[in-house]
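**Student:** Below, each chain spelled out in residue letters.
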Amino acid sequence: DTGVSQNPRHKITKRGQNVTFRCDPISEHNRLYWYRQTLGQGPEFLTYFQNEAQLEKSRLLSDRFSAERPKGSFSTLEIQRTEQGDSAMYLCASSWTGGFYEQYFGPGTRLTVT
Amino acid sequence: TQLLEQSPQFLSIQEGENLTVYCNSSSVFSSLQWYRQEPGEGPVLLVTVVTGGEVKKLKRLTFQFGDARKDSSLHITAAQPGDTGLYLCAGAAGGNTGKLIFGQGTTLQVKP
Numbered sequence: 001d002t003g004v005s006q007n008p009r010h011k012i013t014k015r016g017q018n019v020t021f022r023c024d025p026i027s028e029h030n031r032l033y034w035y036r037q038t039l040g041q042g043p044e045f046l047t048y049f050q051n052e053a054q055l056e057k058s059r060l061l062s063d064r065f066s067a068e069r070p071k072g073s074f075s076t077l078e079i080q081r082t083e084q085g086d087s088a089m090y091l092c093a094s095s096w097t098g099g100f101y102e103q104y105f106g107p108g109t110r111l112t113v114t
Numbered sequence: 115t116q117l118l119e120q121s122p123q124f125l126s127i128q129e130g131e132n133l134t135v136y137c138n139s140s141s142v143f144s145s146l147q148w149y150r151q152e153p154g155e156g157p158v159l160l161v162t163v164v165t166g167g168e169v170k171k172l173k174r175l176t177f178q179f180g181d182a183r184k185d186s187s188l189h190i191t192a193a194q195p196g197d198t199g200l201y202l203c204a205g206a207a208g209g210n211t212g213k214l215i216f217g218q219g220t221t222l223q224v225k226p
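Protein sequences appear in the order of chains P and V.
The numbering of the first sequence is our numbering, which starts it at 1 and goes up by one.
The numbering of the second sequence is our numbering, which starts it at 115 and goes up by one.
Take these hints with a grain of salt, some might be off.
Stated by the list, open to error - Not the full set, but computed from the structure, chain V residues with beta-carbon under 7 Å of chain P:
| no. | residue |
| --- | --- |
| 1 | T115 |
| 2 | P157 |
| 3 | Q218 |
Unchecked claim - Label pairs and their in silico Cβ distance ranges:
| no. | chain 1 | residue 1 | chain 2 | residue 2 | range |
| --- | --- | --- | --- | --- | --- |
| 4 | P | E52 | V | H189 | 39 to 45 Å |
| 5 | P | N7 | V | E152 | 18 to 24 Å |
| 6 | P | D63 | V | Q128 | 46 to 52 Å |
| 7 | V | K171 | P | R59 | 24 to 30 Å |
By construction, these hints were calculated from the structure, which means they are not laboratory data.
For glycine and all other residues, C-beta sits at the position ideal for the given N, C-alpha and C.
The task is simple: from the sequences and hints, build the whole structure.
**Tutor:** Right, here's the structure in full:
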């Protein structure tokens, strides 16, 4: 297994457009997390799935954001009506349920809203 | 609200010097991870500490978890240019979510 993958790596979009990002976790991992990171800051938690169930969403996740993990494998994060403040790196991570919550991150998707 | 504060935020040193990065909180964490991140890439897990007072070594990197599990430190001996990057500490939030609370990071630059 080659680790967590994310696509696209970069996305430039105009304000008001919708964008969708994909994350493929490590295949044996049943938990999948989405984080957002802005320049000069650490990642901030957005939401997580255990298998196909979305178990928690941060207050940072406005109604314009939606995430799915339909078959408990890959996940998508959609942002509707993008705003300039959505510009950030969107990171996906996966882990086991047990253990000590070690999470393995993908390379991220850099979103720029113009 | 659980918060992690890292210090210093920026560090620029010469190759061969030693350094320590601190990660502090008023909250107790069940475990704490250290990550290293390069520009344009995702964080890479370096180590997980889970027991109060635990010390782990990874080549020239030494990680310590405070006795009360509220703080941690990362010490690098004889830093090399390849150590340059953003170092992040992250604590597992309460409950069984496994979500991580990150510090704001320490940017390390090691000059040859």
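**Student:** If you check each hint against the structure, which ones fail?
**Tutor:** 1, 7
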